[in-house]
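Novice: The whole structure should be built from the sequences, with the hints applied where relevant.
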Amino acid sequence: MPVHHDRRKLRLVPRSRLLSLLLLNLCVLTYLARAEAVRDYEVSGTVLTSSGRAVPGASVIAWPFIEGEGGVAASLHPVRADHEGRFKLKLARGSYQIRAKDELHGYPDPSFLLSAGSGARFPNVKIEEADVHDVQVILGEQGGILRVYVREQGTMRPIAKAKVVVRDARDAEAFVELTADENGNIQFAVPHKALTLVAEASGYSSQVFQDGEVILANGDYRDLTFDLERN
Amino acid sequence: MGGLTVLLPGKESLSASHIVFDEVTGLAAMMKLFYRETDDKPRNHSLLAPMLALSQPDRGLGFPATTTLIPQIFLRNAGPDSTLVSLKVDWRNETKSGEFVLQPLTLASGAVTVVNVEDPQRSGQIPGDASWATVKLAYVGKKADLIPVAISYDKELRYGLQTPFSEAMSRMWAGGMWHVDSTHNTFIATGNGGSGPTTAEATLFYNGGKDKYRIEKKLAPGEQLWLDVGKVLRDQVVDSEGRTLPPDTMTGSYELRDLDHPYVGQLYEGKLVIDKTYGHAAYGCASCCQYSVPYFLVNPFAGPPDDDFGETLESTDSCGGLVANVTDGGYDWASSNTAIATLSSPTLHTVAPGSATGSVAIQLQHGRVLPNGECPAPVFGPTQPLAVGPYQVEPIDTASQGPAQCPSGSAGWVRNVTNQLQYQNGSAYAVDGLTVSDTLSIGSTNELGLHGQQTGQATTTGDGSFPDTYSVCSTDCPSSGYSNVLQQWTAYGVPLPHVNGVVYKCQSITIDGN
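For the record, the sequence lines run as chains G and H.
So the first sequence is residues 1 to 231, counted in the numbering used here.
So the second sequence is residues 232 to 745, counted in the numbering used here.
Output of the computed footprint for chain H on chain G, the stretches with three or more beta carbons under 8 Å from beta carbons of chain H:
1. 70 to 79
2. 106 to 118
3. 164 to 178
List time: in silico EDC-like cross-link candidates among lysine to aspartate or glutamate, alpha-carbon distance up to 16 Å:
4. K272/H to D312/H
5. K163/G to E200/G
6. K161/G to D628/H
7. K90/G to D134/G
8. K163/G to D628/H
9. K448/H to E486/H
Covered stretches of chain H, going by a simulated chain G footprint (3 or more residues, C-beta under 8 Å):
10. 619 to 630
11. 691 to 703
In short, the hints are calculated from the structure, not lab data.
Even for Gly, the Cβ is constructed at its ideal location relative to N, Cα and C.
Specialist: What follows is the structure, encoded as structure tokens:
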């Protein structure tokens, strides 16, 4: 995939001026160094399906990673692709994998292990001193959309904040815990794979989805209802 | 003739009454007892007796036409030192009013004297047809060092009345019952005890309080508004709105109000209900109306920078129990930090994000009415915490969470939340399109071996919210270890006061304990 690094050197101050500033005291130099460290760079590109079609409105995030031992914690703020699938991210120096999703059309959240193996191609970018343009993010296989309604058995009243766990039927370690809204509703894009579902809520017996595994593809919708019995 | 003192050395509570009666004439009179406070400090005292009946009684009193009263002022110095007493009599007849100043007199400690007001009236210094007077006296000493009583009885003690002295002046008086029929009449008086003019309003309520009769009058210092309710009914006197009292009305309540001084008034009051059958007159005291401790209506204040906000001060009026807007009484409006917000009038102007305290001074009649009837008017200083700009970012919803898709060789967790920019009280900072940024810094515990410092930006929607994904991937996962991370949010380029504590684990992420 084409990943172009901007060759222009980015500086906060002109070189000639920086040279003159070198003659100034150390405090000033320290401040400049700090200013350089928090500089944001632009990463831009397009979100496409595997067939090369742009994905308007896709949600794009830059997932940070490091090479070697240890790890990275993040608070990621997604940006929305425009009507031609184009996006721009503002990022600090570092290594990122650019990921995208289009949950309204069944392209699930790639942040979850549950979505692994979809065939998506999420490019890695390393930002050092330049913007990065023309990044292509290729979504994986299209899954579907689950619409779940959790209610109380008998009264049929919705159960706010009920939990539904969607699990990979072939990999118990890959799952997502979903939280219902105030009306007991959940909508979630799932990958194209066999899934099991369990609903639970405080004060109620948990319930496994009785009709077995759920498999969705091609952006199909599936409506499910759980009737939980009070303990 | 003498005085009576009841001492309570242990400051016990005691209810005492003093009654004087004459079996022959049937005279009976309550003698007011004055409360003395040993811890009180000497100061200037001005006392008023608003309804001293003069020699020729008002026809409204219903006394026989031949009745002549002897107006007298009884004075006793109950204090430890001699004191100089100044006395004035503000008289009034049907058409005129005036002032007669008596010679100041010095009273030794324990001395008792009676000042005769009949003589100056007989000599013409007070007009003979003047029926009423307000007695004003002044002295320096502790409260109730001087015991005054103003009385007017005929020589047989058959007909007469007394008027109590009081230091009380108020913005509003809530009166009890007035009563007018063939055998009763009521006089209601209010006077201007201040040094400048004011507008007094007297309102008679009737028909169960549903209807009212209202008289408004501008009063010079010392001047009175006088209502002979029987005459108002009998002569169908119109009020300030052109209304009259229905002729068959017999009872009701009343209220007196200082229209020009809504917070600390300068009206004194008096009421007299006459039983014409027996020639007895009973004085009634109205209650001065009190405000509760004033407060800022919006407290604490939280708002965006560069905005104007009209402040409101409120207080509950003990008369009626309604919440009153007392903003106009505020003065010395101030902000503790004008770089954050200015408050030089009831308009608060927010300048820049940060915290400050707004304050104002206001004097209101408030608190327990003192034993001498005085209505205290302390100065209050309400304050208002000011929070300009947002205070924090907190998650308001978690839509999904679970094991993260991490680079090969590592594992972790991801949690999708809706974050919201908030004021300190947790309410939404509902500004659309505001860019907020955050910086994650590794804390003191880092068992997952986290590296680096992450930064990012987000844009708020109309309710101040925005989506956020918290994630962690580590080669140390799976494990039971955790790492503390500090999340500093910035809005308007200014760091928010609250820093989030985020705990990253291989199988959970908590934000500020949630």
